[in-house]
Each structure stands twice: as structure tokens, then as C-alpha cells.
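One line per chain: the protein sequences are A and B, in this order. The first sequence begins at 1 in our numbering and counts up by one. The second sequence begins at 1001 in our numbering and counts up by one.
Just so you know, not all the hints are guaranteed correct.
[As the list claims (entries may be wrong)] Pairs of lysine-lysine residues, derived as DSS-like cross-links and limited to a Cα-Cα distance of at most 30 Å, are as follows:
| id | chain 1 | residue 1 | chain 2 | residue 2 |
| --- | --- | --- | --- | --- |
| 1 | A | K294 | B | K1053 |
| 2 | A | K68 | A | K103 |
| 3 | A | K142 | B | K1053 |
Hints in this document: simulated from the structure, not taken from any laboratory.
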Amino acid sequence: MSDRVRVATRKGLFTVTRRSGRWHLGEPAFLGDPVTIVLDDPSDRTLYAALNLGHFGVKLKRSGDDGKTWEELDPPAYPAQPEGAEGAPWKLVQIWALETGGKDEPGVLWAGTIPGGLFRSRDRGRSWQLDRSLWDHPDRLKWAGGGYDHPGIHSILVDPRDSARVTIGVSTGGVWISEDAGETWRVAATGMRATYMPPELQGDPIAQDIHRIVACTARPETLWVQHHCGIFRSTDAAATWTEITDVAPSSFGFAVAVHPHDPDVAWFVPAIKDERRVPVDARFVATRTRDGGKHFDVLSTGLPTEPSYDLVYRHGLAVDSTGTRLAMGSTTGGLWISEDAGDSWQCVSLNLPPISAVRFAP
Amino acid sequence: MPRVVFTSQLQRHVPAPNCDVAGATVGAALDAVFAEHRTLRGYVLDEQGHLRKHVAVFVDGARVRDRERLTDPVGPESEIHVLQALTGG
Chain A
1 MSDRVRVATR KGLFTVTRRS GRWHLGEPAF LGDPVTIVLD DPSDRTLYAA LNLGHFGVKL
61 KRSGDDGKTW EELDPPAYPA QPEGAEGAPW KLVQIWALET GGKDEPGVLW AGTIPGGLFR
121 SRDRGRSWQL DRSLWDHPDR LKWAGGGYDH PGIHSILVDP RDSARVTIGV STGGVWISED
181 AGETWRVAAT GMRATYMPPE LQGDPIAQDI HRIVACTARP ETLWVQHHCG IFRSTDAAAT
241 WTEITDVAPS SFGFAVAVHP HDPDVAWFVP AIKDERRVPV DARFVATRTR DGGKHFDVLS
301 TGLPTEPSYD LVYRHGLAVD STGTRLAMGS TTGGLWISED AGDSWQCVSL NLPPISAVRF
361 AP
Chain B
1001 MPRVVFTSQL QRHVPAPNCD VAGATVGAAL DAVFAEHRTL RGYVLDEQGH LRKHVAVFVD
1061 GARVRDRERL TDPVGPESEI HVLQALTGG
């Protein structure tokens, strides 16, 4: 069970710590600077933070002392752009996902970026290599911007049983899988539907806007996707996807978390729909299924009772390794933690900067 | 020798001292600075060697024209100011 939560925000990185039954906000690192993603690597107790400075570009920081001091690393960099290359400029816009490799690969990191490059480091972030197989895949040019101008990789899942099996989520570009540590890739979004596309393209796996994809740690063949057009689940390692329907108050959202041991338990944070990204009836709630998506509980105890317009972005919902503690941070700066799988929530703050990511520290 | 002057906004993130360096173009002068201050390069240029979108560079009061190849000429008495643009904040 984790007693600490990292909170990456538009204006700094916070750590929230549980003491005497309450959660306390610590002093921020990088105060004033946008932090897009944060990662604790338990294999060597290293903390990583990716920044996106408005003027001066993307930065990658590493701390070996739990954030007391930081070292600057060279961020992933795209190679020289060939004359006439199609698609987005070969320039790093944002580090949108940061994950460790498998337990048998200490020091390995994966970074998903906008404009769509996947990078790997084998030396704790000291150097990075662009996955050329994916970047040079002809279908990569069919990816499109989602909320940003250019496409991006926001979710990276390394199979706990086989570190060479890597699944990524692309907005927009579908779900992609490699079974050979990034040597080859295939798209795996059959069964999803993209109603924002022309009719003949709605079922195209590459057209799918994945908002977030997560896998059950104990049963990685079960995956959940919060999609632009609803919620989808796969129980066959992404070979096929089934839409989960009849979700009240809404199946639109960005975030999803799955219980690490029970693949039928997942949490979401609904909003009205894509063109109106606020809670239904201004009532901010989370939802939870405990039976694989047949039924959903609406979770509101401890959440605001007054009209609220909070949106939880794709990395703004996290579950700890036991499946009992949840953290949720909104784009209007609200932070809540649950110690009972979402049945009730404790408000940590309503006044933080916009929250881009929350994550339990090991 | 041209002088390169960096905005104080940069100093919060990375050492960016003002430097007198050899160089007949903006690119050559900046390269000379970055040879001594390696980390600073990534704050001013992107990985394609272009000026970052929200960084502004002036030579003797004129905004540089070539933001990609950095070929604007500089004279021996020139002052090159590297600033943050008002966009991008």
C-alpha cells in the first residue's frame, strides 16, 4: 500500500504524503514550470520528471534522493529530419508517457512523445533511441492530432510476464503492439469505433482516438480503454475489443484505472461528451465497475456537493498496487484520494494548479 | 568579437552567462557559446538546430530572419540578444 502520491501540475511537481491518517501536500519542485509526467523507478529508487517549458522546450530531470536534488538529462531527441519528410516536424513537443521496462530490465525506460515517437533508454535516461520501426511504419503517417496539433503516445504497457511485449496507446492512431521489444509493430484496435470519422473509416483501427489504455497487472490479457467515443475492453490481449455501453452518467472521459489483481474492476471519471467536457449536471463523480463493465457504481462520497466543472485528464487517475487506494487530480486543481477503492474520497486540495498526472510512489 | 546576451529568464533553469565569442553568423556565435555551455543549447535550439518556436533572437536591435539555418550575419561589435518571446508562456 502506498503512502505517497506524486502530482504533476501545470506549475510544479508535488508529493502528497499520508501521516496520521491524513494526506499532506508537500513543497513543490519546479515551482512555476509545467510538469507533464512523473515516474518512480522502484528498481533503483530513482524519480523522473518531464517538464515542458513554454519557451525553452522539453526537459527531463532525474533525482536519486526523492526529489531533494535534481540532475538534468538530455531528453529524447528526434534524428535529423530528411528533406521533404511528410508529417509533423521531427521535433519533440512533449513527453506524454514515461514507464520503466520489465523487472528483468533494470535501467530501461520507455518514453512516449508528441509528435508520435516512442523512445527507449537502456541507461536510466542518460541516452535515448527512437524506435525507428514504429516511426518509419507507413501507417504512422495516418495518425492524427487529438487534443494537440500532432499525434502522441500517452500510454505504454510493458507486459509483466514478458518484457518484450509492449502495448501503446496513440491519440489518435489506435492501439499498437510489439512482441519483440519494439522491433516490429502491429495495430490492434479491432472492434473499436470512431464516430467522428466518415462512415467507411469508423472501424479503421488506425482512426481510433485512444484517450488512455491500462492493463490488469495480474491478468495483462485484460485491457481497458477510455476512448473518445466510449469505453472498450479486451480480454484477449487486444486481439478484439468490446464496447461497454449503458454507462451512467456517461461513458465519455479521459482517464481509466484497472485493479491490479482483479481484471473486472475498473474506474473512470465521466464528463458529458467530447464537445462539452464537464461533469454531467455539474456533479463531479467517478464511476466503478466490479463485474467487467456490466454494471457501474457512481462514486461521489467526499467529492464536491456544489456545482463542479472539474475534468480529470488521462493521467489524472491512479490506483495503487493493492487496488484499494486511488488518487484523482483535475484540470481545475482538485486532488482527492480514496482509501476504500473509491467508496469515499478525501479532498487534499481544491486549489492546486491544473493537474496533468497523479501517480502512487512505491 | 560579438557579444551574446541571454535573457535572465534562462538563468532560472540553466547557467547562461553573457559571452564574447568569435563568429560571423548567429549560428556560429551561438555554437561557440554552446561549445562551452552544452546544456544551454537545448534551451535555445530544438533538435533540428532551429531556434525554438518561442525564443526570439535580435542582432543589434533587429529580429533575426533565418530561424532555421541561423545565417544572419553578425559583425565584430554586434550584440546578439537571446530572449523569450511573449508567446509560449
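Hint check, failures only: Result: hint 1 breaks, nothing else.
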